[in-house]
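Visitor: These protein sequence lines are chains L and U, in that order.
When you line the first sequence up against this note's numbering, it's residues 1 to 202, in that order.
When you line the second sequence up against this note's numbering, it's residues 1001 to 1202, in that order.
Hint data in this document are derived by calculation from the structure and do not stem from the laboratory.
Misleading hints may appear alongside valid ones.
What the simulated footprint calls covered on chain L by chain U, stretch by stretch (three residues with Cβ under 8 Å from a Cβ of chain U suffice, anywhere in the stretch; the number is not a length) [as the list claims (entries may be wrong)]:
#1 117-125
#2 159-171
#3 174-185
All residues carry an ideal CB built from backbone N, CA and C; glycine is no exception.
Residue-level listing of the chains:
Number of protein chains: 2
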Amino acid sequence: MKIVSEQRESDTRQNIVDVAERLFSQIGFQKTTVADIARELRMSPANVYRFFSAKAEINEAVARRLLSQMEKDVDAVVGGREPAPAKLRAAIASLEKANAQRFVANRKLHELLETAFNESWPIVQQHSSALNASLSAIVGEGVRVGEFRIDDCDLAAILVRSACVRFCHPRLMVECAQEPEPTLDQMVDFCLVSLRGGGADA
Amino acid sequence: MKIVSEQRESDTRQNIVDVAERLFSQIGFQKTTVADIARELRMSPANVYRFFSAKAEINEAVARRLLSQMEKDVDAVVGGREPAPAKLRAAIASLEKANAQRFVANRKLHELLETAFNESWPIVQQHSSALNASLSAIVGEGVRVGEFRIDDCDLAAILVRSACVRFCHPRLMVECAQEPEPTLDQMVDFCLVSLRGGGADA
């Protein structure tokens, strides 16, 4: 019976996040209240508060899910069969694409992520760590086949992500839209030269 | 007489910007009104409007001056006698230092620049172009002595500035403060490997 009950709890939590995401994308996360979410679910606000102690936690849960999806897309790239340089390019491109599509198709959800980054919510740190790990895995693959000459794959991953931040950061992406260069390909090429050229000269 | 009169006009304009900068740093640019500025200068608001057609223009003039000072600091680096790699590091470091010092010593002026970047004021584009030109000059020096292997110095400058944006962007700098890596030296080293290693392999 305990397992069934836990499953129900998890389902309810999931439903709250689903409804919140839908309302956020319709009227924006700032205008959505816990009462709005409860009403959609035909439950009392008090019941919502059994799962999330504050509205801010619901905001974070929705943002976390959006960021998790981006991490999964990058992990799909990591699990592919392309050589490391192509994986690196595809990983950065998948982050840019997710941000650009959300910005065009769902500006209000995009604003939720902009706020998360502006205010450095803990989930953003979590997202950065997840991406660093994925990029580090790609760099490591490149090192193993002799394509990259790098001693510290974790640091290299952080450097690549920092160098490409204008493509991966929801607010900066918008801000940089009026600066046509560097393109993603130019920036990734620049990073690849560095990853290939490290070692004795570095 | 015309020259004297033009000089006076220029002085008055300068005085308005001086007073505005002081008030902005005390109470913030959003709370400072044209009437406040006029009162400090013992002139009428109508007289201020002879020089600036809207408060937004005064905001821009103050922000422009802050950004110009940063550009001058970078130009001083360009005019120095160090080798190109050291100049590149010093240029990025001077931008980081100016941002960090302003953030600590004068948060309200820092907020003016954050807003300028957030809202992509035209002066920010002008600032980017000025910095690109300075960095391109440094890259060009490195190419001439055979230190860098780069075909397009302007593009290389844009790539370096983009890669180092977390140190040069007033908002991103604050946001990244909780992520200790990459350090400025790590990022500049990464760029230098790329600048040195370009060419046939690239």
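Visitor: None of the hints should be skipped; say for each whether it holds.
Guide: The hints, checked one at a time:
no. : hint    : result
1   : 117-125 : holds (count 4)
2   : 159-171 : holds (count 7)
3   : 174-185 : holds (count 5)
Violation of the numbered hints given earlier is absent; every hint is satisfied by the structure.
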